[in-house]
Amino acid sequence: MNWSSAGEFFAMGGYGVYVWGSYGVAAAAMLIDAAYAAARQRRALADARREIDDEREEAVR
Amino acid sequence: MSPSVRSSRLPNPLSNPLRLTTFASPVRFHALTGALLPWLWAVCLLLGAAGLYIGFFVAPTDATQGDSYRIIFIHVPAAWMSMLLYLMMAGWAAIGWAFNARLASMLARAIAPTGAMFTFMALWTGALWGKPTWGTWWVWDARLTSELILLFLYFGYMALVAAIDDPRRADQAGALVAIVGAVNVPIIYFSVKWWNTLHQGATISMTAAPKMASTMLTAMLLMTFAFWAYAFAVVFTRTRAIVLERERHTDWVGALVTRRPGEQR
Amino acid sequence: MSRGVFGAIVARDLRLAARRRVDALLPIGFFAVAASMFPFGVGSEPNLLRQLAPGVVWVCALLASLLSVQQLYGGDFADGSLDQMLVGGTSAWTIAVAKAASHWLVTGVPLVAATPLFGLLFGLDAAAIATLALSLLLGTPILALLGGLGAALTLGLRSAGMLLILVVLPLTVPALILGAGAVVAVESSLSPRAHLSLLGALLIFSALLAPPATAAALRIATE
Chain A
1 MNWSSAGEFF AMGGYGVYVW GSYGVAAAAM LIDAAYAAAR QRRALADARR
51 EIDDEREEAV R
Chain B
1 MSPSVRSSRL PNPLSNPLRL TTFASPVRFH ALTGALLPWL WAVCLLLGAA
51 GLYIGFFVAP TDATQGDSYR IIFIHVPAAW MSMLLYLMMA GWAAIGWAFN
101 ARLASMLARA IAPTGAMFTF MALWTGALWG KPTWGTWWVW DARLTSELIL
151 LFLYFGYMAL VAAIDDPRRA DQAGALVAIV GAVNVPIIYF SVKWWNTLHQ
201 GATISMTAAP KMASTMLTAM LLMTFAFWAY AFAVVFTRTR AIVLERERHT
251 DWVGALVTRR PGEQR
Chain C
1 MSRGVFGAIV ARDLRLAARR RVDALLPIGF FAVAASMFPF GVGSEPNLLR
51 QLAPGVVWVC ALLASLLSVQ QLYGGDFADG SLDQMLVGGT SAWTIAVAKA
101 ASHWLVTGVP LVAATPLFGL LFGLDAAAIA TLALSLLLGT PILALLGGLG
151 AALTLGLRSA GMLLILVVLP LTVPALILGA GAVVAVESSL SPRAHLSLLG
201 ALLIFSALLA PPATAAALRI ATE
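Residue numbers (this note's numbering), protein chains in the order written: chain A, 1 to 61; chain B, 1 to 265; chain C, 1 to 223.
Don't take every hint at face value.
[To be verified] Selected chain B positions facing chain C (in silico; Cβ < 8 Å):
no.	residue
1	L40
2	A42
3	V43
4	L176
5	I187
FYI, nobody ran anything at the bench for these hints, they're computed from the structure.
Please read all numbers here as calculations on a predicted model, not as lab measurements.
Idealized CB from N, CA, C, for every residue including glycine.
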């Protein structure tokens, strides 16, 4: 084990800002990328569903 | 588009024996990736957790750089992914263009944003690593500068395909730009490397990484594979979205969306 | 037949440029104004300007080239003559090479001719000016070829100008590094031979690969 306390872990030998700044932004970037992709998938599904429903209504009339 | 213009075939994805091009059909691709996604995320999280654990709790502190070197565990994998994804993007776009394979082109388009994200990540982590190590937020060393140009190449591709409304023209133009970019990357890299040695007595280099203890290498490799699994998962998700967007009017999509909502993702 | 068509396209473009002389001179005007802006921004200290000159002149030449290449294809695309040429059997490859040649004659050559003047403005000595002119002589055809590719890719699109620059600029980095680097070498009393030979090689490479790519882009845009 490298760290004798949580405080040491977050301080990263004085480089905490740089290390956590990197990991934090990296995590955020990956989450945002994944979230956008998932949102696009959901929207595409919803659009397809809506189009089917519209067609069904057209056919019924 | 009139409601009567719908194909009447409803394919069953896995009824025929597996061929090289079996999953080149959007239908089968959608089905296959739907099944794969949970596993990909699981692999990503497991490998990521393992890599981070080794990186932070097993790998020792470096003699010269202290603990700031631990940024390497995401900086290098991100850089590798950025380059790998660009090649994948160019490759799939080329296949889509050469064989008129729509799905390959869709895959290429789906790769671009994730590739650009990793490029940005490599640049950001590079800057934050550079500051404590070299004293400045940015160094114009060969690798970082080439990463910056790679980011511009991604932007060029994304801007071009976004500007063209016709999907087929967009796919083909994008393929051409991606291929031209891929061909140019070695030339750009070597010219930047040369430029770098000319203009400074450059002793500054991002290749001056700490001598790699095996634990450091292990952590880096684990993170690389975790990023790879992540990339697969997100790119597949985005491709599935593109498939649904473009194939909205087909019968199989119709069947897909009218099943009970809980049956598929 | 190919050479006849090539000559015909170049002659036509030159005639059009001669008729719209103002449009043809705009790139040079832009180059002059843009290059002259730098001293206002960085100060008039002679040593600084001498150091900046190769990069500044090269970047301004680059921008002037890329900003003007779009109208070469745009006009023909808009009035349908590009489609007519392709349908009429002219190979897209011939069109690509001819357009690059026209662009170089109308924009590239004047840029090279203007370099001595700007060399003097920035305080370069004779050897440096000669190297700068030579590097642009080799570089402007490269810019014309790459610019042509960009123009063909962005035919008829909105914001085509900016899009073209975004797509093509990264590809011009090697030429920029080699071209400006040659002048920097001369200023440090080193030989520019390596830079210039590599630049020449880059020119040959571009001349071989850019036209087929441009031809493909033309076909993609007009199908």
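Okay, the hints, checked on the actual structure:
With 8 Å as the threshold, the beta carbon of L40(B) stays out of range of chain C, its nearest partner Cβ sitting at about 32 Å, so the hint is violated. A distance limit of 8 Å between C-beta atoms decides the matter here; for A42(B) the minimum to chain C is near 37 Å, and the interface restraint is violated. Taking 8 Å as the C-beta cut-off, the interface hint given for V43(B) is violated, the closest approach to chain C being about 34 Å. Using the Cβ-Cβ criterion of 8 Å, the hint placing L176(B) at the interface with chain C is satisfied: the shortest such distance is roughly 6 Å.
The beta carbon of I187(B) is positioned within 8 Å of a beta carbon in chain C (closest approach about 5 Å), and the interface hint is therefore held.
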